[in-house]
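In order, the protein sequence lines correspond to chains A and B.
Numbering of the first sequence is given in the numbering used here, commencing with residue 1 and proceeding in unit increments.
Numbering of the second sequence is given in the numbering used here, commencing with residue 10001 and proceeding in unit increments.
Keep in mind the hints are simulated off the structure, nothing from the lab.
Mixed in with the good hints, there may be bad ones.
Derived lysine-lysine pairs resembling DSBU-like cross-links, with alpha carbons at most 30 Å apart [said to hold, decoys possible]: (1) 10032(B) x 1002(A); (2) 10160(B) x 10253(B); (3) 10266(B) x 780(A); (4) 10291(B) x 996(A); (5) 796(A) x 10160(B); (6) 1007(A) x 928(A); (7) 10266(B) x 974(A); (8) 341(A) x 415(A); (9) 989(A) x 10062(B); (10) 889(A) x 948(A); (11) 1007(A) x 10218(B); (12) 10291(B) x 1007(A); (13) 974(A) x 10148(B); (14) 989(A) x 10032(B); (15) 719(A) x 732(A); (16) 10157(B) x 780(A); (17) 928(A) x 948(A); (18) 613(A) x 637(A); (19) 996(A) x 10160(B); (20) 565(A) x 554(A); (21) 323(A) x 221(A); (22) 621(A) x 508(A).
If you want a taste of the chain B side facing chain A, the calculated C-beta under 7 Å gives, among others [as the list claims (entries may be wrong)]: (23) 10104; (24) 10140; (25) 10179; (26) 10284.
We put the CB at the ideal spot given by N, CA and C, even for glycine.
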Amino acid sequence: MKFLRRLSSYATFAVAAFATSFGLDLCLVEPALAARKQDKSIEDELKLTAGDETGNEVKAMKTEILVMRSEKKALEQLEKLKIRHKGTRMEAEILFRLGEIHMRRARTERFFEIHRDSTQVVRFAPEMVKNASEVAEIRRAIKIYLDLAERFPRFRALDAVTFNTAYAYQQVGDDKNAETQFKLVLSRHAGSPLVPDALLSLGEINYARRQFPVALEYFGKIKAFPEARVFPFGLYKGAWCRYNMQDEAAGITLLEAVIEFGHERAERGGGMAKLDLRKEALGDLALFYSEVRRPEFAVEYFTAQARDLDAVPFILRLVEIYKRHSKYSEVDVVLRGILAKAPQSGMIASVHEELIWNADRLKRRDVAAKQLVELERTCRDMDSDQAEKKDCDAKVVSISKTLGARLHAFWKKEKSDELADLALQTYEINLKNATIIGHELAQVRYAYADLLFARGRFRESSTNYEMVNALTVNSSRRAPASAKFELMQVDPKLAVDANYGAVVALEKAVGDRHWSDTDEAAFTRLADLYLKRAPKGPYALDLRFKKAFIAYEKENYDKAAPGFKAIGWAPEADANPKVLKAQDLYLDILNIKRDYTALKEAAYALLARAPEKSREDHLTKIRREAWFAEIGEIEVKGDHAKAVAMYRSFATENRSNELAPRAWWNASQILFKTGDAKAGADMCAQMNSMFPGASNAKDCLSQAAKTFEAMARLDLAAKVLLSLADVEIEKKQQWRELATDFLGLSGSRDSKLQAVQTLVKMVDEKDEKGTERKAEAKTKLLEKAWAFARELRDAKLMTLVRGKIELLGIEPAMSRFAVEEAEAAYAAGDAAKAFALSKKIVGRESKLANDKALPARARFIQARILEDEYRAQSVKARVERIGTVLALKTERLEKAQKAYQSAARIGDGAVGIQSWARLADLYLDYAKTVKAMTLPADVPEADQKTFKAEVEQIALPMEEKGIEALNQAVEAAKKSARFDGLAGDLQEKLDRLNLKPQPAMKVEVEKIPRLLPGFEKRGAASILGWRGEPKNGGDL
Amino acid sequence: MIRSIVALAFLCSLVAGCASGGGFGRGDFDAKAAERAKPYLEGVRMLDASTDGTGASCAEPKADADWRAWLRAGSSCMHREDWSSLDRIATTMASRFADAPWGAYFTAVVAAARGDESRAYWMLDLAEKKAGGPMAIVRFERARMLEKAEGPARAVKEMKEAVRLDPHLVPALLWLAQVHHRDQLVSDARVYYRAVLENKGDNYAALRGLGDIEVDAKNGKEAVELLARAIRQRPDVAEIRWKLAYTFENLTKEPQMALQTLRDLKSAMDRGRARGRIGADGTVDLAQKIKSLEQSLGKNGKTEQREPAQKKGG
């Protein structure tokens, strides 16, 4: 096509030349042109300026308008001349000129047609644009030319008119009329110099119709005009016809003829360059060669054809054709042929390049890489002043970059180590040879670092990533950087990414190992640079975090803490896991530093920004634990009052938390430890109500109960024990019973009353295991209830308890009540009731083996009643009844005697002594009573004496028995150690009976005084001894 | 009976981990408690409320007063039998000086005074528990309560424990001597009387009691010495002078001394300086007895023996 354009230009040129050759000066155009020449300013004004597309468009339009104006003027003049010279010879000349002007006008019209969419042109000349029509002008020209040919058949330049008409037809696409006109040139003007051109045009028309043999015929006729300008074109187009007719060999021959013609013309010289079609022919020869010849001979063939011309570009065209047909092996053969046979070619770098890409296409990437190395070597070996060196070096850089990227890309797919290494090698060549510090170099360096990273060469990777931002080139090979290159300004993303890559690679290089100070410094430097460049970059947070984390791992908490805090407390901090982690690590550092106060406050501050419930819970937990630990620290420091207050506050505020009961417990224990046991116990007493189910509730309650007990606050202890009963279910009854005891002992009448009622109620309750209480346990409860009731002197309660005891038949309590009732009845004079009650108890003697006092007391009551009956028996009687009365008295004595002896034998010491004493009294009384008996005065004296003697006989042994019984009683009393004075009284009685001159003096026991604890004062009367100080101490 | 019931009602007997290391009963005390209580027992003496006063006010001491001030106030209230005040002081002391036995002790005294025996006994036990061992004053108070509620036989054991703990506890020794003496347990009574006199040689009751015992035992010389000392303490008691005269006459066979003693007795009675029964049944004619003795000794006996008798009696 390029060639065809050239032909079109040539046709125009031919027309102009033709016109000139006929002496037709373009006089009508000249004035305008002359005006242009004269008016330098207009010329300057219309001069196009590179890069100013809009301005240039306007300038071109102005030019066209100027030309159009000139042409219009010319047309106007010619139209006037045509009228003036109508019918003359001049008219033909004028018409010829008019046709030419219209052809020129067609070009102007074409300009406006082309710029119909241009805003600038439409704005300046809307009407012109709207009305513009190239075809219309050409048709006007054709019409003029046809009119001329018809009316002036003898016109001097009729061949030119015909040729121009043909040409005009061609311009409007009317090949048929064009062909007719061209043929008219051949037929009517066979001698015209325009014949070769007409032949060429006719060949072209038929070639376009793909009528290659017809076209070949026309082209072949041109051979008859070897001096014609179009001669080589005829050969050349003929070769193409042959090619299209599948006769490549003939085509090659014709092209070889074109080349030969070129060589000859070149040797001849003379400015015939436009007819030198060698390069075109050699180029097309590559195509023809590829069809029929072997690649192995291509280099030699083209070298021979090209002669003094460089054959390599044409061979490379052949290579291109092979490539186009995917004949890569042929490519390789040809290229290697060049290397072998034309190593000094100026295009040797291109050959290398082709070889590289050909290998790449063949997926022989190792070959490609190797070839790159060869290319680099070749370039290096070139002299520095060699013209191709610069291009060669540039290729090395360019190819290595592209090939590196490709290899890199392939590696990404295949992940082959070999590919990675080839890519690295390629990148290294690029980096070594790059002369321009710029974006490309940065990209390559980045890719290189990227690949190093992928290959696990992290430290090198980090270094290279860092170098992306600090680009340097080998100073020994490179020109100094003329301009300061700032990657950040050119490609901030790459700069920041490289920065981040350096950080990550360094991090990887360190791996799980300990961060050395050097590495840490490097990390900090890189991270800081990233953060400076991209403070809000995607990895800014990660880097800030890692920086702090490294310090944290190295236990450099003072350095780590501010970092974590800056992340965790940033205003924009959200639910990002890193932010949360930073917060956690900051809190952890505070924990490690045991700064619990700060930890507590920090956790509290973070609570407000907790993104979700789980986080809130987590922070709340930390805050609580910190708070708790803070208090612990205060406690350890000895500020107990503050610790207690804080524990209390903690427990109250976090009542539902598991630490709350511990806090409460700790506070109580501090109070106990520091001596404020009451306050400690008060706290513990609330434990179960404050924290139901707390693990230490039992211990705390026990401690509170013990403390209140120790403080004699049994009322409080009782309450606590009831709570403890709820906590320690397995001992529920035990604690309840003890609580009841404490209530009874608490000093309050109401509490004691409540205790009695509870104790009675508890008798019927089952124990913790659900079994009924044993009789022993019931007895114990009721005896306690009875004791309390008696202390209360509450008859109603006493009746209640007694009723319960009797209902259950609890001994000995039941019998004790009966004995006491019998004693009361006897004291009240109700002997019958007393005797009946006593009889029942005496009947239970065998059941009361362990409480002998009860049957003994009962029997003693009976003895007292019998004694009373004895004493009531009078012995006053008439003589004849004396015997009977005495017998009755004696009988009563015997009954009482038996009863007392029986009471004494039961085995109760106290009752025994009293029985013996009472019995002694009875005997002595009987003796005295009998001795006091007298007969009436009228009884004879002898009888009186006899009676007296008889009575004495009865009384004397009774007296002796009385003294004997009294002796027994005294001895028993002494042995029993009753300490109630009975022994003394009996002894005194005995002494009197024995007529002792100085009987035992009655000993008065002084009332026991009350002792007061106090401190001995000087002058105070101490009871400790008259000598002042005790012998063996005296402290209590 | 009450004591036997409430003795069970100690939390420590039921709660593991008590200082006593398990079941707590009387006689089973915590050594650590004794250590804690020690400061509160140092310097404390027992004063006889019937003869001694503390001299302190019964009002509650100031809040910052030490335990001694509170003890003095408590004793004062006890002496004045101001049980309400004592109760308040006891409660405060039990709380503020939890290691001291005095809060519990005073609480026991108040309870006993109010007839709340079970509480009183329990508190006395608590007092000893806090002291880490038995206390003479507690045993004495317990004996006092038992004697009042159940008679001396139940009190003797506690009183004996009190004097075992404090051999100088004169009121306890004297009471023990007298109850033994009254029950004709002479040898024991003699031991206690002597213990009283060892601590307080001018104790009239002991001198008289022991004197009686020595008379009964026909130890004339000892009897004379004791009775003479008793008369020095209580010259107004006619019965002692009569017994001394009897001892001179019948045991030491010193009729002149007997006569002089009787003459002194008659003189004192005539002047109203001595009173009381004389003789076994209180019907002795003192003048007749003097006359009888004078006759048996002759007229000079009266004058000759007067001076020595006076010197001897002091």
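Under the criterion that the straight-line Cα-Cα distance not exceed 30 Å, is the pair residue 989(A), residue 10032(B) satisfied?
-> Outside the cut-off at roughly 55 Å; violated.
Given the hint that residue 1007(A) pairs with residue 928(A), test it: the Cα-Cα distance must not exceed 30 Å.
-> violated, 38 Å
Verify the proposed pairing of residue 621(A) with residue 508(A), using a straight-line Cα cut of 30 Å.
-> violated, 35 Å
Can the restraint linking residue 323(A) and residue 221(A) be considered satisfied, given a maximum Cα separation of 30 Å?
-> violated, 37 Å
Hint consistency between residue 613(A) and residue 637(A) [alpha-carbon to alpha-carbon, up to 30 Å] | violated, 36 Å
Mind checking the alpha carbons of residue 10032(B) and residue 1002(A) for me, to see if they're no more than 30 Å apart?
-> Cα-Cα ~48 Å, so violated.
Measure nothing beyond the straight line between the CA atoms of residue 719(A) and residue 732(A); if it is 30 Å or shorter, mark the hint as holding.
-> Judged against 30 Å, a Cα distance of about 13 Å means the pair holds.
Would the hint on residue 10179(B) stand, with a C-beta cut-off of 7 Å toward chain A?
-> holds, 4 Å
When the nearest CB of chain A is found for residue 10140(B), is that gap smaller than 7 Å?
-> holds, 5 Å
Given hint residue 10218(B) paired with residue 1007(A) - CA-CA distance at most 30 Å = Holds, at roughly 29 Å.
Pair hint outcome, residue 341(A) versus residue 415(A) [Cα-Cα no greater than 30 Å] | Violated, at roughly 39 Å.
Given the hint that residue 10291(B) pairs with residue 996(A), test it: the Cα-Cα distance must not exceed 30 Å.
-> Holds, because 23 Å separates the two Cα atoms, which is no more than 30 Å.
In summary, the numbered hints that this structure violates are 1, 2, 3, 5, 6, 7, 8, 9, 12, 14, 18, 19, 21, 22 and 26.
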